[in-house]
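Okay, here's what each chain looks like letter by letter:
2 protein chains.
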Amino acid sequence: MSDRPRKVEFREEGPREGFQIEKTIFPLAERVKLVEALAETGLHHIQVASFVSPKHVPQMADSAEFFAAIRKKPGVQYAGLWLNEQGFERARATGHVDLQGKISLYASDSFAQRNNRCSAAEMAERQKGWLDLYAAAGVKPDYAIIMAAFGCNYEGDIPPQRVVDLARYAHDICAERGEKLPQVFLADTMGWGNPEQTRRLIGMVREALPDTRIGLHLHDTRGLGTANVLAALEMGVDLFDSSVAGLGGCPFAAHGDAGAAGNVCTEDLVFLCHEMGIETGIDLEALVECARMAERLIGRRLNGRVMHAGSLAKYRAKQGLAA
Amino acid sequence: MSDRPRKVEFREEGPREGFQIEKTIFPLAERVKLVEALAETGLHHIQVASFVSPKHVPQMADSAEFFAAIRKKPGVQYAGLWLNEQGFERARATGHVDLQGKISLYASDSFAQRNNRCSAAEMAERQKGWLDLYAAAGVKPDYAIIMAAFGCNYEGDIPPQRVVDLARYAHDICAERGEKLPQVFLADTMGWGNPEQTRRLIGMVREALPDTRIGLHLHDTRGLGTANVLAALEMGVDLFDSSVAGLGGCPFAAHGDAGAAGNVCTEDLVFLCHEMGIETGIDLEALVECARMAERLIGRRLNGRVMHAGSLAKYRAKQGLAA
Numbered sequence: 001m002s003d004r005p006r007k008v009e010f011r012e013e014g015p016r017e018g019f020q021i022e023k024t025i026f027p028l029a030e031r032v033k034l035v036e037a038l039a040e041t042g043l044h045h046i047q048v049a050s051f052v053s054p055k056h057v058p059q060m061a062d063s064a065e066f067f068a069a070i071r072k073k074p075g076v077q078y079a080g081l082w083l084n085e086q087g088f089e090r091a092r093a094t095g096h097v098d099l100q101g102k103i104s105l106y107a108s109d110s111f112a113q114r115n116n117r118c119s120a121a122e123m124a125e126r127q128k129g130w131l132d133l134y135a136a137a138g139v140k141p142d143y144a145i146i147m148a149a150f151g152c153n154y155e156g157d158i159p160p161q162r163v164v165d166l167a168r169y170a171h172d173i174c175a176e177r178g179e180k181l182p183q184v185f186l187a188d189t190m191g192w193g194n195p196e197q198t199r200r201l202i203g204m205v206r207e208a209l210p211d212t213r214i215g216l217h218l219h220d221t222r223g224l225g226t227a228n229v230l231a232a233l234e235m236g237v238d239l240f241d242s243s244v245a246g247l248g249g250c251p252f253a254a255h256g257d258a259g260a261a262g263n264v265c266t267e268d269l270v271f272l273c274h275e276m277g278i279e280t281g282i283d284l285e286a287l288v289e290c291a292r293m294a295e296r297l298i299g300r301r302l303n304g305r306v307m308h309a310g311s312l313a314k315y316r317a318k319q320g321l322a323a
Numbered sequence: 001m002s003d004r005p006r007k008v009e010f011r012e013e014g015p016r017e018g019f020q021i022e023k024t025i026f027p028l029a030e031r032v033k034l035v036e037a038l039a040e041t042g043l044h045h046i047q048v049a050s051f052v053s054p055k056h057v058p059q060m061a062d063s064a065e066f067f068a069a070i071r072k073k074p075g076v077q078y079a080g081l082w083l084n085e086q087g088f089e090r091a092r093a094t095g096h097v098d099l100q101g102k103i104s105l106y107a108s109d110s111f112a113q114r115n116n117r118c119s120a121a122e123m124a125e126r127q128k129g130w131l132d133l134y135a136a137a138g139v140k141p142d143y144a145i146i147m148a149a150f151g152c153n154y155e156g157d158i159p160p161q162r163v164v165d166l167a168r169y170a171h172d173i174c175a176e177r178g179e180k181l182p183q184v185f186l187a188d189t190m191g192w193g194n195p196e197q198t199r200r201l202i203g204m205v206r207e208a209l210p211d212t213r214i215g216l217h218l219h220d221t222r223g224l225g226t227a228n229v230l231a232a233l234e235m236g237v238d239l240f241d242s243s244v245a246g247l248g249g250c251p252f253a254a255h256g257d258a259g260a261a262g263n264v265c266t267e268d269l270v271f272l273c274h275e276m277g278i279e280t281g282i283d284l285e286a287l288v289e290c291a292r293m294a295e296r297l298i299g300r301r302l303n304g305r306v307m308h309a310g311s312l313a314k315y316r317a318k319q320g321l322a323a
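In the order they appear, the protein sequences are chains A and B.
Counting from 1, position 10 in the first sequence corresponds to residue 10 in the UniProt record's numbering; the numbering is continuous, with no gaps.
Counting from 1, position 240 in the second sequence corresponds to residue 240 in the UniProt record's numbering; the numbering is continuous, with no gaps.
Keep in mind the hints are simulated off the structure, nothing from the lab.
The model shown is predicted, which means the values in this text are computed figures rather than measured ones.
Check before you lean on any hint, since a few could be wrong.
Stated by the list, open to error - Derived contacts from chain B toward chain A, CB cut-off under 10 Å, selection only:
hint : residue
1    : Ile21
2    : Lys23
3    : Ile25
4    : Cys152
5    : Asp238
6    : Leu239
7    : Ala261
8    : Glu275
9    : Gly304
10   : Ala317
11   : Gln319
For each residue, glycine too, the CB sits at the ideal point set by N, CA and C.
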């Protein structure tokens, strides 16, 4: 408990995670409105869209236009996702993406094949080329992400040592180039994590890389998302990927389809932090309005809870008047 | 972490919590089927229905028939809820309710007025009469429940000392009658709790009543239910009220209607415990089937997560075969 951070940072992934999983392609103007509203809440990092195959993910075919259409707010990073060199080049070519040097690694070989059409080892090898590409573009290494670090629907449980080895590998290929790896994200891509495992993984990665900030990218597939975040907070973790309204899930495809379930919900986690006295720099009420905007846009009930129940602010305001 | 219990007990409240909040009155045979299926999962306590005013809660008007229709499984308690002496007498008269001597207390006066049409102090005073009634019926005190212990939509934050005083009061009126109070439940009736507060309340009540087992009755109104359970587990709490499928909520009335949101979800918590190596005695797969049965009956998507994504068993079975 004493390790709990004073302030926590959220990287908002709702637009990218949310829109990529929906069948519908929503009007560009509406997507832009959501991103612009999110930027007004105090969030400093918003992952807007991905630069992946328009054939496989048609929802992301207009990513370049999407980025170009956003009225940027100073101090906010508008991030993009790529899974290969061409994706990075497309993102860079827009001139509108805040480029972070990202290293992508897989703790599951079968998932690498499905998500990236290569083996986990091949993906790891390719990261050296990515770093060279970043260097040529003047982009510093920013973070590594280790996907399926908590378990995999195709491979089952993942040995934690494999995750540690991948984190160290990411660190080492940066070091070989005279660079630091500032951050490593452990991703529970398919919602396998539990609080005990979360603690253990964080402890092991921290021991291996004491100078690298640890972040978590969690999906709330089986209802343990918030409990896993709590476990991480108590290990001193202060960096989380999350999605407004818990976007990223597809309830109607989710029976037996764990991979489709949403991310941990930004406003619910902001609520958690504020109630526990941890700062986030985020205006919770404004963020709840964004969640409701997303729900209206997507047109079905989303997973967030605070967005439906409301925060405690209005009750406390009444209490203040009564007292 | 070292305080974590080896085994946890869940009191299932889905039937009572779930059906009372729905507008529809579901066919008796279907409700009976759900209770009978729940009894086959390893649950030892099922709160079936309440004996409250049929005028105010018409969904519970046929509670006596409901209890009578259930094929009882030996070793399972089929519990009922009452809020006054007449309710207890009605429950007793059925001859089918497993009667537990329950003391009902309110940490919020305004909520007592709304839920029980009397002040919190009057409710506390009445409990002496309840104990006399129980004694006359040969029913031992079993537990006290302190409602709105974490906060109240009508009164705001609740001072924890008030909760401790109520717990001690329940203990003392039992002691005056030469009886023990085996258990005290802290109820987050309106979903105000956070993990830090959960720990603090548990610590304070335990210090005041070291020989009384502490249970929690939590609603997941704002997404912190599972995190609060985790905090409690780490304080050694081994007793929780919960609802299959997260029953008890009404999503379509829940915008700004925090009081209507569901309980913590039994099968999600069983999943949490099993993943953390804590026993529950419950067959998770059978319980997930009950949750799906409840969803079919109620006819809209319910809040549980594992029921939609599935547990990890089938992936691990594949892994076992592959290895």
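(request) Check each numbered hint from earlier against the structure, then list the numbers of those it violates in ascending order. (result) 1, 2, 3, 5 and 6
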